[in-house]
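Quick mapping for you: the protein sequence lines, in order, are chains A and B.
Note that numbering that gives the first Met the number 0 gives residue 137 to position 138 of the first sequence, counting from 1, and the numbers run on in steps of one.
Note that numbering that gives the first Met the number 0 gives residue 92 to position 93 of the second sequence, counting from 1, and the numbers run on in steps of one.
A couple of the hints might just be wrong.
Intra- or inter-copy, both count: the list cannot distinguish identical chains.
Lysine-lysine pairs mimicking DSS-like chemistry, simulated, CA-CA at most 30 Å apart [as the list claims (entries may be wrong)]:
(1) LYS5 - LYS16
(2) LYS122 - LYS16
(3) LYS140 - LYS5
(4) LYS5 - LYS122
(5) LYS140 - LYS16
If you're looking for bench data, these hints aren't it; they were derived computationally from the structure.
2 protein chains.
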Amino acid sequence: MTDHDKYLQRAITLAAKNVEHGGRPFGAVVVRGDVIIAEAVNTLHTDGDPTAHAELNAIRDIAERFGNASLRECVVYASGQPCPMCLSAMYLTGVQAVYFANSNEDGEPYGLSTAAIYHQLQKPLAQQSLAIHHRPQAEGKPLYIQWSQHQS
Amino acid sequence: MTDHDKYLQRAITLAAKNVEHGGRPFGAVVVRGDVIIAEAVNTLHTDGDPTAHAELNAIRDIAERFGNASLRECVVYASGQPCPMCLSAMYLTGVQAVYFANSNEDGEPYGLSTAAIYHQLQKPLAQQSLAIHHRPQAEGKPLYIQWSQHQS
Numbered sequence: 000m001t002d003h004d005k006y007l008q009r010a011i012t013l014a015a016k017n018v019e020h021g022g023r024p025f026g027a028v029v030v031r032g033d034v035i036i037a038e039a040v041n042t043l044h045t046d047g048d049p050t051a052h053a054e055l056n057a058i059r060d061i062a063e064r065f066g067n068a069s070l071r072e073c074v075v076y077a078s079g080q081p082c083p084m085c086l087s088a089m090y091l092t093g094v095q096a097v098y099f100a101n102s103n104e105d106g107e108p109y110g111l112s113t114a115a116i117y118h119q120l121q122k123p124l125a126q127q128s129l130a131i132h133h134r135p136q137a138e139g140k141p142l143y144i145q146w147s148q149h150q151s
Numbered sequence: 000m001t002d003h004d005k006y007l008q009r010a011i012t013l014a015a016k017n018v019e020h021g022g023r024p025f026g027a028v029v030v031r032g033d034v035i036i037a038e039a040v041n042t043l044h045t046d047g048d049p050t051a052h053a054e055l056n057a058i059r060d061i062a063e064r065f066g067n068a069s070l071r072e073c074v075v076y077a078s079g080q081p082c083p084m085c086l087s088a089m090y091l092t093g094v095q096a097v098y099f100a101n102s103n104e105d106g107e108p109y110g111l112s113t114a115a116i117y118h119q120l121q122k123p124l125a126q127q128s129l130a131i132h133h134r135p136q137a138e139g140k141p142l143y144i145q146w147s148q149h150q151s
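My request is simple: use the sequences and hints to build the entire structure.
In structure tokens form, the structure reads like this:
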């Protein structure tokens, strides 16, 4: 068994335990070098947070314990295909790679696929199912200049 | 001034105050009916959480105080164009609509655009800049069946 498979199977074990405790079937482990530095599950059932997906929980945990920059050295192993929220968080934080076991196709019969959201994000704003309105405000224009001046 | 503009300008005011306090130039308000029920800013500078964007903070706050279902009655007003993590969270939670003032084009000169991540998400997995690997595991197959049996 490769290390990739070993880490994925650990993520699956976490997901299965989460189901036993009333949670959703998602787990994730994050590896830096040859070491698992974070393990997480979907915690919607315990904290009521709809953003508390396994991968996002793991990313938050690592940022808190090791700092944001450390995420660039990390590889994420997820039991299920990352939703676009979690995949975007990986892009935002610069993680090196992600491996997943169960696909959106596997999840589709159970309502556990996020393929439909990916599909929406691929459309122009005006064609998406969520009503997205761009309303420029004169007051907003100085914001980014103000911010950039604070960075120097 | 319409209510939409009023709420967007409130989000901008929050963003400007956040910059004054050393934070990033992003604020959001969430409205249910005619009432602002949540206000939030990007809190990366205070809590070190790379997922603590204004919109995600507001969504978490509402879920905690009013429950997830209440998000379906909500409209989000963001000072800046939602990143794909935050937009995905809006899809996941079923918010009604989102309005934003500053666009990704406005943010581009300051490194405050997430257009590049949207662009990645529009590609097939194998063509994205983040290495995304699907490795099915036999152990993963029973997970969703196990979960669905817990739902009945």
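Results for each hint:
no. : hint           : in the structure
1   : LYS5 - LYS16   : within (17 Å within a copy, 47 Å between copies)
2   : LYS122 - LYS16 : neither (37 Å within a copy, 33 Å between copies)
3   : LYS140 - LYS5  : between (50 Å within a copy, 16 Å between copies)
4   : LYS5 - LYS122  : between (37 Å within a copy, 28 Å between copies)
5   : LYS140 - LYS16 : between (49 Å within a copy, 15 Å between copies)
Of the numbered hints listed earlier, the single one contradicted by the structure is hint 2.
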